[in-house]
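Chemist: Take the given structure of chain A and dock chain B to it, following the hints.
For the record, the sequence lines run as chains A and B. Be aware that the first sequence starts at 1, since it is given in the numbering used here, and climbs by one per residue. Be aware that the second sequence starts at 1001, since it is given in the numbering used here, and climbs by one per residue.
Don't take each hint at face value.
To give a feel for the contact side, a few chain B residues facing chain A, derived at Cβ under 7 Å [unchecked claim]: (1) L1007; (2) A1011; (3) V1025; (4) M1080; (5) T1238.
Short, incomplete list of chain B residues facing chain A, as computed with Cβ under 10 Å [as the list claims (entries may be wrong)]: (6) W1006; (7) I1103; (8) E1105; (9) G1150; (10) L1151.
Just so you know, these hints were derived from the structure itself, not from any lab. No residue lacks a Cβ here, since even glycine has one placed at the ideal position from N, Cα and C.
Okay, here's what each chain looks like letter by letter:
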Amino acid sequence: MGKRWHKWLIGGPPLLYLTVFFAIPTLIMLVASFRHPGEFGGLAPILTEDEAGRRLDLTTENYVRFFSDLLYAQLFLKSLWYALVTTLLCLLVAYPLALLIARSPKRYRDVLLLLVILPFWSNFLIRVYAWIIILGPQSVFLGAFNDLIGLAGLAPVQVLYTPAAVVIGLVYVHLPFMVLPLYANLEKHDPALLDAAQDLGANAWNRFWRVTFPLSLPGVYAGGALVFIPAFGIFAIPDILGGTGGTMIGNVIKQQFLDSRDWPFGSVLSMVLTVVAVALAGLAAWFARRSRL
Amino acid sequence: MRRPAWLWALALAAYAFLYAPLLVVVVYSFNDSTMNAQWIGFTLDWYRKLFRNEEMLTAAWNSLLIGVVSSAVATVLGTMAGYAMYRFRLRLLPLMVVAPIAIPEILMGVSLLIFFVMIDLTLGMVSIMLAHIAFCIGFVAIVVRARLAGLDDSLTEAARDLGATPWQAFRLVTLPLIMPGVVAGALMAFTLSIDDFVITFFTAGPDSKTLPLVIYTMVKITVTPEVNAVSTLLMLVTLALILIASRLSPGSLKAR
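Chain A extracted, bound-state conformation (with noise of 0.2 Å):
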């Protein structure tokens, strides 16, 4: 199978496709980021025709306009502050699930395994929607304890509509992506370098601190990378979930390309996002590779 025809024959066909409707659209958006807005939304013409002829009308000004407005700069440190705790919080839930099952003989494995997968595979918007059941203000679950502590005189807790609820809703659809690169992780672990710490006199807290955790940190880095991207650009779960002031960039975009239809200064902000969502997905595989040294 060596002929040369062959590998185009194959490989040609889906990567003609992906050129097409991944590729070029991506490009498409890039020149669209430095175009002026349509008048009645979407884009203006690509060409001028003034006394000097016809030419490309490409400006920098949406660029201008994004890093001159501190508004948007605020709305991506906040969208990466919630897609940090998010993260943070999944490795926190996720972490002794890995674990426990990475430890229970093989033949559980599988079955645990799946338990955790099982939830993922059911539609992500249902699963988003649920929590609005949960964290109503009358729901069975705060109700009876929003009614307990108004004994006590307090006020009742409001989840819902609040940036907690986004956070909540983040940490639950997300959570299957951190368990997974870390089970791969801690699977490999070879059993005996606990027995080995555990005959120098290490407790239960210092075998897990200084042998079990940095030796699953390319794990822990992976899921970091997996968590953290798609929940950066979110934007159903802080229309679901969040109040006004759970927004995130993933919505302000979804506001440009529909609302405001400022095609152009969507494209911007899609720009920043992917950049800086690869930027630090690129910073964990980096981290990741080292760690493995």
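Modeler: Positioned in the frame of chain A, the structure of chain B alone reads:
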């Protein structure tokens, strides 16, 4: 193996966290109340309403159609991509396969919106399918590529030694051996397509609502327990698909 009690306790809490919301949705789908707050009594009304909901049924049909077509095309293209990545050195292909998975989903949604409007393609079923195929190819390719990596190359070589053409060797030896991976990839593509919200949101026209889009509107505007009923049914369908998948190819579920 060291599994102290605190580890069990924390893991159990995490499992409860994973399942509580789903359980709540199922239980409330039988609640005889228009609010999602209190349990009033048992009813099947929400399911009855659901089956008379024209918009919902159309959306379910759209989702199914898009899912079948997109996953079929994505499986063929993804299998080709996985095979090409395994056998040949194509520098651009692995990048193009992984990039749509690695970047924020919203980027793909909005860039395809601009692209489709630019080439004057009416937003609708076709544009949704074209978009879904694009993001499913990578997932199929990765699963197939992983399956190929576990394959013994000498089997294909033996077929070649016995006089099979490359195509025969692929069709009669390699393809049957990687079939579980291909099926797993196809099912994954189908679920991804049925579930996708973000990319569909930007590439759907006004007359081409899919189930996630209708659910999104319902959840945002009027929270009625009808949503619980749809959700419960969808969970059942997904569960059935997973059971079929695990029958067809044990171990393939780990791929996702």
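Chemist: Now tell me if each hint is right for this structure.
Modeler: Do the hints match the structure? See the list:
1. L1007: holds, 5 Å
2. A1011: With Cβ-Cβ at 4 Å, under 7 Å, it holds.
3. V1025: holds, 5 Å
4. M1080: holds, 5 Å
5. T1238: With Cβ-Cβ at 5 Å, under 7 Å, it holds.
6. W1006: Since the shortest Cβ distance to chain A is 8 Å, the answer is holds.
7. I1103: Since the shortest Cβ distance to chain A is 5 Å, the answer is holds.
8. E1105: With a closest approach of 7 Å, the B:E1105 hint holds.
9. G1150: Violated: closest Cβ of chain A sits about 16 Å from B:G1150, beyond 10 Å.
10. L1151: The hint is violated - B:L1151 has no Cβ within 10 Å of chain A, the shortest such distance being about 14 Å.
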